[in-house]
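Top to bottom, those sequences are chains A and B.
Offset between the first sequence (1-based) and the working numbering: plus 291.
Offset between the second sequence (1-based) and the working numbering: plus 291.
A few of these clues could be false.
BS3-like mimics (lysine-lysine), calculated; alpha carbons at most 27 Å apart, straight line [unchecked claim]:
1. Lys312/A to Lys403/B
2. Lys505/A to Lys400/B
3. Lys521/A to Lys403/B
4. Lys343/A to Lys614/B
5. Lys521/B to Lys403/A
6. Lys521/B to Lys614/A
7. Lys521/A to Lys521/B
For the record, the hints were derived by calculation from the structure and aren't laboratory data.
Number of protein chains: 2
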Amino acid sequence: MGVKKYNFYAGPAILPQEVMKKAQAELLDYQGIGLSIMEISHRSKEFDAVIKSAEQKIREIFGVPENYWVLFLQGGASLQFGMIPMNFLNKESAADYVHTGEWAGKAIKEAKLFGKVNIAATSEDKKYNYIPDKFNFSSDAKYVHITSNETIGGIQFQNFPDTGNIPLIADMSSDIFSRKIDVSKFGMIYAGAQKNIGPSGVTLVIIRKDLAEKCASGLTTMLNYKTHIKEPSLYNTPPCFGIYIIKLVMEWIEKLGGISGIESINNEKAALLYKTLDTSSMYRGTTDKNSRSKMNITFRLTTEQLEEKFIKEATAAGFIGLKGHRSVGGCRASLYNAMPLEGVKELVKFMEKFEKENK
Amino acid sequence: MGVKKYNFYAGPAILPQEVMKKAQAELLDYQGIGLSIMEISHRSKEFDAVIKSAEQKIREIFGVPENYWVLFLQGGASLQFGMIPMNFLNKESAADYVHTGEWAGKAIKEAKLFGKVNIAATSEDKKYNYIPDKFNFSSDAKYVHITSNETIGGIQFQNFPDTGNIPLIADMSSDIFSRKIDVSKFGMIYAGAQKNIGPSGVTLVIIRKDLAEKCASGLTTMLNYKTHIKEPSLYNTPPCFGIYIIKLVMEWIEKLGGISGIESINNEKAALLYKTLDTSSMYRGTTDKNSRSKMNITFRLTTEQLEEKFIKEATAAGFIGLKGHRSVGGCRASLYNAMPLEGVKELVKFMEKFEKENK
Chain A
292 MGVKKYNFYA GPAILPQEVM KKAQAELLDY QGIGLSIMEI SHRSKEFDAV
342 IKSAEQKIRE IFGVPENYWV LFLQGGASLQ FGMIPMNFLN KESAADYVHT
392 GEWAGKAIKE AKLFGKVNIA ATSEDKKYNY IPDKFNFSSD AKYVHITSNE
442 TIGGIQFQNF PDTGNIPLIA DMSSDIFSRK IDVSKFGMIY AGAQKNIGPS
492 GVTLVIIRKD LAEKCASGLT TMLNYKTHIK EPSLYNTPPC FGIYIIKLVM
542 EWIEKLGGIS GIESINNEKA ALLYKTLDTS SMYRGTTDKN SRSKMNITFR
592 LTTEQLEEKF IKEATAAGFI GLKGHRSVGG CRASLYNAMP LEGVKELVKF
642 MEKFEKENK
Chain B
292 MGVKKYNFYA GPAILPQEVM KKAQAELLDY QGIGLSIMEI SHRSKEFDAV
342 IKSAEQKIRE IFGVPENYWV LFLQGGASLQ FGMIPMNFLN KESAADYVHT
392 GEWAGKAIKE AKLFGKVNIA ATSEDKKYNY IPDKFNFSSD AKYVHITSNE
442 TIGGIQFQNF PDTGNIPLIA DMSSDIFSRK IDVSKFGMIY AGAQKNIGPS
492 GVTLVIIRKD LAEKCASGLT TMLNYKTHIK EPSLYNTPPC FGIYIIKLVM
542 EWIEKLGGIS GIESINNEKA ALLYKTLDTS SMYRGTTDKN SRSKMNITFR
592 LTTEQLEEKF IKEATAAGFI GLKGHRSVGG CRASLYNAMP LEGVKELVKF
642 MEKFEKENK
């Protein structure tokens, strides 16, 4: 085994060690069946138990009410950006989008291919470094779309807007399962798995049953949510191994005390790093304090040269993925669920040492 | 470890033991980086090396010419059924489809949503138990679509039709990499990974560059092949772990002597089982002899009661997944690449014993 590494990349993220060890132990022989979970039919009773358990645990842990479907799809949030307007919009109708940065922007671009888009709020005026708190919702919007956390800008909704009878749809790819959410306030929640839920290649979709009824007709079968509701995530072969890992991750969250357990660890991790930024004369956070993300913490050093040096030395010390997204520069530490508090403590120690050495 | 099991399911299939052992050994620490291949960024240099090597090996082993793109997508063949007509058809144009059974039928259903479909040949008259050898191709078809192997009917194209200047598109989900193919005869080849290439959740697409240029505009970004060509399979987060397993499977095929090595083993496996069917008075193959699939061997016993008993006893003896698809009944043994010759020998031994005991 090489030097202990802490992965601060924006995704795919690390997975809990406990999950990885269990996956390794049963990789060749899943519960005594003599085959890997990867090597059996998605219609076998063994896989059926896995997918049902994954769904059940998601429902329990995340508090998903009975009037919602839980689906495991493919294609990531990027495919959802297209599927949502394809299913719920047409050239004569409109949806409201809140523009908070790179990911919201991508969702908006796809929606415009299928219908009218109202920008209900945007933080473009300050380069997307905050979450707007005033929204100009339309009364006839088919839905309101938000991005709960922006990985590049490092901002996160602290509270969700009240959209009344209009379904609120949220891309939670980068902060799902990181904090308590009232699912019943949403029409739909979706997330690529690769930050907080499992490996890349699975997309979790939680959709309210009455909204699902409104899917457009005439779509290609795989892109209609109803297809995956009718044959629960098994219309075609699902990404079985990824779903199995999700089940293990849910068991791990359960053991930590569910969402409130993981949320308090996440609060502690983020507080520790933000405190370092706020008390330093070398590092500074880049976002509005009221919009700070607990998942992706973006910061700058006093000069670009120093940033380069910092990233280089951090990488050598085992802290990888600290370079900010190429579109904004600077630094970023992603503290997803599986990043242990220990990892943040070590990073903070390294940052303090670096600051002292480079004064 | 439980009783040694042989998985004859139509998919997901077993993977080579060597591949599974290597994946297990490096699951927690990929080549000394201190993290799993599942836990690092798809933009890291380590994953970049994996995806490039997977592509390179596919090109070498399968003989993919320079004027083709090799893409790793998501959604399985089922999503391709929609993506192909979406990209290459419109309401004013037509494509030719060869109807050979369940899978061809699904592809046809999706194509009809986007354009005109000519059935260039069908084996419906004999319940899809053969591959047609006469084709009524249209001169103005945008492409010709075939299904190289039907997993339910147990039939397989032995030779491919000459479509002249019209691009031939083949769904090779269930027999890709099982035999030598002249890729240059195809406009596009696609396949879900879960039979011969890797775990479920990855779709391999091999597309000729001039055909890719003809993709429709106005499609949602993720459904345009050009998106995945421009940012080679990395427009969004790909199914990283599946691509890594594909790389290992390619290395395994390489060691067996490439496609010709695996093809001769596949020929031997199929010959052994078909011989058992042809010389028995209890078992009989269900398909036309000139269309027999080497991947999915379908057969019946003299009575349904006997079939039930056979499947039950076979399962108990460790031969799982022998039940035919519910739409056709009977029995089916899927002999994908990773099924060792030994597994077929053991199955044949069991079948002979069962026949003797139940005369």
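Comparing the hints with the structure gives:
Simply put, Lys312/A and Lys403/B have alpha-carbon atoms about 47 Å apart, too far for the 27 Å limit, and the pair is violated. About 22 Å separates the Cα atoms of Lys505/A and Lys400/B, which keeps this hinted pair within 27 Å; it holds. About 22 Å separates the Cα atoms of Lys521/A and Lys403/B, which keeps this hinted pair within 27 Å; it holds. Annotation: proposed proximity of Lys343/A to Lys614/B holds, straight-line Cα distance about 23 Å (limit 27 Å).
With a C-alpha separation of about 22 Å, the suggested pairing of Lys521/B with Lys403/A holds against the 27 Å cut-off. The suggested pairing of Lys521/B with Lys614/A holds, with an alpha-carbon distance near 24 Å, which does not exceed 27 Å. Taking the CA atoms of Lys521/A and Lys521/B, the gap is near 35 Å; set against the 27 Å cutoff, the hint is violated.
Against the hints set out earlier in the document, violations occur for numbers 1 and 7.
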